[in-house]
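Protein chains: 2
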Amino acid sequence: MNKPTKPGDFDAPKVTTGALPASRKVYSRPARDPDLAVPHREIDLHPSANEPAVRVYDTSGPYSDPTAEIDVEKGLPRHRRDWLLARGGLEEYDGRDVKPEDNGGATGKYLAREFPVKHMPLRGLPGQMVTQYEFAKAGIITKEMVYVAERENLGRSQALENARAQIDQGNSFGADIPEFITPEFVRDEIARGRAIIPANINHAELEPQIIGRNFLVKINANIGNSAVASSIEEEVEKMVWATRWGADNVMDLSTGRNIHNTREWIIRNSPVPIGTVPIYQALEKVNGVAEDLTWEVYRDTLIEQCEQGVDYFTIHAGVRLAYIHLTAKRVCGIVSRGGSIMAKWMLAHHKESFLYDHFEDICDIMRAYDVSFSLGDGLRPGAIADANDAAQFAELETLGELTKIAWAKGCQVMIEGPGHVPMHKIKINMDKQLKACGEAPFYTLGPLVTDIAPGYDHITSGIGAAMIGWFGTSMLCYVTPKEHLGLPDRNDVKVGVITYRIAAHAADLAKGHPAAQLRDDALSRARFEFRWEDQFNLALDPETARDFHDQTLPKDAHKVAHFCSMCGPKFCSMKITAEVRDYAAGMSENERLDLEKQAAEARKGMEEKSREFLNKGGEIYIHAPKDRQT
Amino acid sequence: MNKPTKPGDFDAPKVTTGALPASRKVYSRPARDPDLAVPHREIDLHPSANEPAVRVYDTSGPYSDPTAEIDVEKGLPRHRRDWLLARGGLEEYDGRDVKPEDNGGATGKYLAREFPVKHMPLRGLPGQMVTQYEFAKAGIITKEMVYVAERENLGRSQALENARAQIDQGNSFGADIPEFITPEFVRDEIARGRAIIPANINHAELEPQIIGRNFLVKINANIGNSAVASSIEEEVEKMVWATRWGADNVMDLSTGRNIHNTREWIIRNSPVPIGTVPIYQALEKVNGVAEDLTWEVYRDTLIEQCEQGVDYFTIHAGVRLAYIHLTAKRVCGIVSRGGSIMAKWMLAHHKESFLYDHFEDICDIMRAYDVSFSLGDGLRPGAIADANDAAQFAELETLGELTKIAWAKGCQVMIEGPGHVPMHKIKINMDKQLKACGEAPFYTLGPLVTDIAPGYDHITSGIGAAMIGWFGTSMLCYVTPKEHLGLPDRNDVKVGVITYRIAAHAADLAKGHPAAQLRDDALSRARFEFRWEDQFNLALDPETARDFHDQTLPKDAHKVAHFCSMCGPKFCSMKITAEVRDYAAGMSENERLDLEKQAAEARKGMEEKSREFLNKGGEIYIHAPKDRQT
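Quick note, the sequences are listed as chains Y and G, same order.
Here the first sequence is numbered in the UniProt record's numbering, starting from 1 and rising by one per residue.
Here the second sequence is numbered in the UniProt record's numbering, starting from 1 and rising by one per residue.
Calculated directly from the structure, the hints in this document are not laboratory data.
If chains are identical, the list can't say which one is meant, so a pair holds when it fits in one copy or spans any two.
Mimicking DSS-like on lysine-lysine, the simulated pairs with C-alpha atoms at most 25 Å apart in a straight line are: (1) 99 x 109; (2) 597 x 432; (3) 432 x 604; (4) 14 x 109; (5) 604 x 435.
The shape of chain Y in the complex, shown without the other chains (with noise of 0.2 Å):
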C-alpha cells in the first residue's frame, strides 16, 4: 500500500501468458519470404513414443511464447505496418478524433481508461491497390498470402506422402482442397472470392489467417463488454483467453459505454482478426433509439472502426423493407438484434434500409482500409420452427446481390448464415449459400439442432457447427453454454471455444484435408500405449483431460500405469490387443489360409442352419387369431 503508483501500475489488464503443456512456440519461415516467422505449436512426446513432436495450428499469438515480453500497456508488435508500407498505396493521416460519444458519452470514473498509446491510421490512395482481394485479381501475391499459405502447411514444404489419398477418401461435396497450400493457391482462391484473409491495415498487430472452404475450418468466439456487465480488463483478457484455446478469430459484440476505448485495446493486443457489428455502436450514439438512426452516423462509426483495425464488419444489409412482413408469422420473429434495428428503421420511415440503399458508399470506405465484408443475416431463423423459410431465403438471395457488388468494388467478402435448423434442412443451407453468392466463405452461428437445451446450446449447435463444416462452411461461429440465458464468463468461453474446435476438426477430418488426422492418429496411439502424459498434452483441452483422469485415479503412477480406471488393473483390453499383434505376426501365410477356410465352412454350416429354422419358423406354436392380446 505504501509503494509509489506508476501510470502503468494500475488498471493493466491481466492476461493469461505462459505455453500450453509439453508446447513450444516454433516459427518457421516461408522460402519465399523468409523474414516472415510463421507461429506453430510444437507438443512433445514422452521418449518412449519414438516419434517426432507433434506439431498443430496455433491462434494464441505471442502469449504463450514464453520468450514473448508482454506489455498489455503497450499492445502486440506491430510487424504488418512495415509490410503494409514497404507494399504502398497508402497514406498515413491525422484520423477522425474521438468523441464523447464513442464511447456512450461515459465520463469521469465511467469512462474507460484510453489505450496509452496513439496510432496514426492508414488508409489507400486513390485508385491504388489496397485489398488482398484487389491484389489477388491483379495477380499479385501479398505478403499475407504468402505468410497463411505457410501457416495452413503448418510449415511443412512440401505435401504429405499420403495427401493425395487422404483428400480422396474424404467427401468435401465439390470442394477442392489441394494437397498442399501455395501462395499461388491462395492467391486464386481469393480472386475467385472463395476465401478471405481479414486484415485491416489499421491491424498491424495480426497475425493473418485465411477463411475459405478449400482451407482448414475456422472459428470466432463472441466477447463484449454489455449494458449490464464486464469490463475492460475482463474482455481483453477474453480474447486472450478464447485465441488462447483455439479462436481463429473474435468478435468484439460490445455494447453500452465505453465502446470505443475496449475495441482499442482489444485490436492492439489481438494476434487474431477482429470482427464488429458497427451498428450495435452506432445504435448507442442514437441512445438507443433505433429510429434516430442516420447515415451519416454509421457511416461515422464505420469510418472510426475502420481506422482503429477493425479487420471484419458484420452489416445487416440484406434485411429489405420488403421482406420484413415475411417474419410476421414466425415462432421467434427476427432474433438478430442487427437485422430487428434496422426492421425498427425501415418500420419507423417506411423506407428501405439505408444500409442497402448505401451499400457502394459502405463498400467504398471499407476497401480503403480492406476491411471485410461479413454480410449479416439479420432474418435467420431463431426458432426450429422458423428454420429455411422465405424471410431467410429472401435475405440469402440479397446478400448474393450485395456480394457481387462488394467483390465489383474490390472488398473481400463472407455471408453469414444460421441460427436455429434441425439435422435435415442444413445443407440445403450450403447449397443456397454457395450458389446463391457465387462460393463466398459461409460463416454459421451453429446452426442449432434443437431448442429444447438451454443450457447445452453449445452442443445442441455444435452438432450443426459439425456438419455444415463437413459441408462446405469455411467459419464457424461458437455459441457457448450460457446462449439464450446469460453471459459467457471465462469457462462458458473456453468451453464454446474447445466445442468449436471439436466441430471444425471433425470436419476438416471429414472433408478429407490432407492433414487432419495426424493429431487423432498421434493421440490414439498415446492412448494405446499407455502414454497418458501424452493423451492429455495432444488432447485440445489438456488440462480438463488431466483432471478428469485424476479425479478417479490421483497418483502420479496411475499416469504410467498400463491400464485406466474403467477397466481396472486385473483386466485390460489395450494389453491383450498388444497379445493380438504377436499372434498375428507369428501367423505363417498357411496358417492365415488355413483360418480364413474353417471360417468359410463354419459360415456355410450357420446359414444353412439358419435356413433350416426360418423354414420351421412360426410353426412351432399354434397359430392364435390376428390380434389376440394375452
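Could you slot chain G onto chain Y? The hints should help.
The following block gives chain G in isolation, referenced to the frame of chain Y:
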C-alpha cells in the same frame, strides 16, 4: 446416535425423488386395455401462455411421482407379473442358488448386503411362446405392445392433425414412421425384427419401452461399479438419476466383487430395461483369467442373470478366430472389453469362440426368459484410423448371420455399432447394418467423430450420435465427459444423458417424427414471449438453464422482465419483432404488392450496377506481372 436401529435404517440406498420443476406425472389408460397405466410427464406453463400443459415422454418411473411410495428396500411394484401370469405359458420355479463366486467371492464386510426380498423366477414352459417376437410372429398383441404404443403416442388417442405433413417434410432415409402408433403397428415391427421390447419376464418392475427405427430414438446410460471404485448405494442412485434425466435404458457394466448383489438392487428398483455384458461377470468367476473361461461358467452366468431379470445381454458372438488377425495393424487394436476377452480366449486355445459355437444354446436360454440379444461389436474401431476396416465389417456380417439364427430361435435382437468414426464414414455403417442384419435395430456407442478431445467425448460422440440416429439408429449409448479418462460421477452421468437426449431428439426432428417439434415450438414461444420460467421448465435440464440465467441476472424480477442479459433493457430484438407483427397485421394487400414491386425494381437496378462493375472489374488497376509479391 441413541436411536435404536432397525435393519432398514442403515445402508438403504438414498435415491432422488420428487417431481421435476412445474411437472406432473400423468397416467393414460389405453382404450384397448384400460387396466394399464402408462406414465407421461406434463409440464405446466404460466397462465399468460394460454397454452395447455406440454406432455413429454417420461423415463423416470415412480421416483418422480410424489404420490408414489418409494422404498428401495422393497423395490418397485411388480405390476408386470400379473400380466405375465395371466398370459400363461410360464412356470415359477426355485431358481439357481446364489454362489459365492457370483459376488466375486466377497465375504464379511466386503460382501454387499443382499436385496431384502426374494422372488421366485419365471421361465417359459417347453413348447410355449415366451418372447415378444414369438407373440408378434403369431399375430398376438401383448400387453407390452399396447403399453409401448400408448407410450410412444404420449397417450394421444389419434394422430396429430399435421402428422403426415411433419413426416413428409422430414428425411428418414427409408424408415417408415407412421402418423400414429397402433398396437398392430408395434406387433408388425417386432414380427419383422425391426423393433424390440426388451422385457425379461423376471423384470416385473419394468415400464416397457420399444426400440426400433420407426419409433422415438432411445438412449442408454452405462453405470456399474468397477474394481477401482463405487458402491451399491451409488449404483442404485446412478440408475435412478440417469432415468430421471431421460435414460430409456441402463446397462450395468459392473466388474469386480458384488456384481450379483449390486445387480439385484438395481433391477428390483428399475423402471427401465437393464442390460449387461455377461462375460464380465463370467470373467470375475474365473478370477479375471480369460483363458480359464468355459462355456459352462458362461452358461451358468446367463441363467443367473436371466433369473434376476436382466432385459438384454451384450453377447460378442461375432468375434471369430478368423477375424482376430485383421486387427493387428490397427492403431487401437481391440477396444471392446468383451471383444478382447474373447480374442484372448481364442488365442490361448486356438479355437473358435464358445459364444459362436454355442450360439444356439444361448438362444434357447435367452428365449425362455425373453432376454433380448444386443449382439456386441467386439471389433468396433477405437480410433478414427480404424473406422470401417475389414475387422469391423467382417464381424458385422457375422452379426447379420447370428441375427437370423436368433430370430429363427424366437429371440428379439438388436445390433451394437461403433465407436470412433469420422462423419463421412458414419452413414455407410448404418446402410451396411440395415442390409447385413435385416433391419434389426442398431444400437451405437456415439460414434465419436474425432479422437482429439478427451474430456469432451460426450460432445465428439454426441455429434456422431445425432447423425447416426437420424440415419436410422434406434438406440444411442451415451458417452460421458469422463470417457477414456475415468469413472463418471453423478454430474457426468447427467451431462452424458442430457447430451444424448439432445442427439436423440435432434434425430427425431430430422426424421420427421410427427410430434417431435411440439416441444421445440413450445419452448421457442416461451422464449419469444419472455416466459423465462416456462423456458427453464421446458428445457431438457431445467436446473442448469435456471442456474445459468441466475448467474447473470439473479433477481427474481428479471424472470418476468421483458428483456434478457444479452442485450440489456434498452434494446431488444424480441420487442421489435412484436412491432413487426403489428405492422404486418396492419398491411393491406395493396401495400404488400407495392412493396414487392419496389423490391423487384431495386433489385433490377442493383443487378445492372453489379454487371457494370464486374465488366469494368480489374481494369481500374494496372496489371502487375503474375506472382509479383509486395
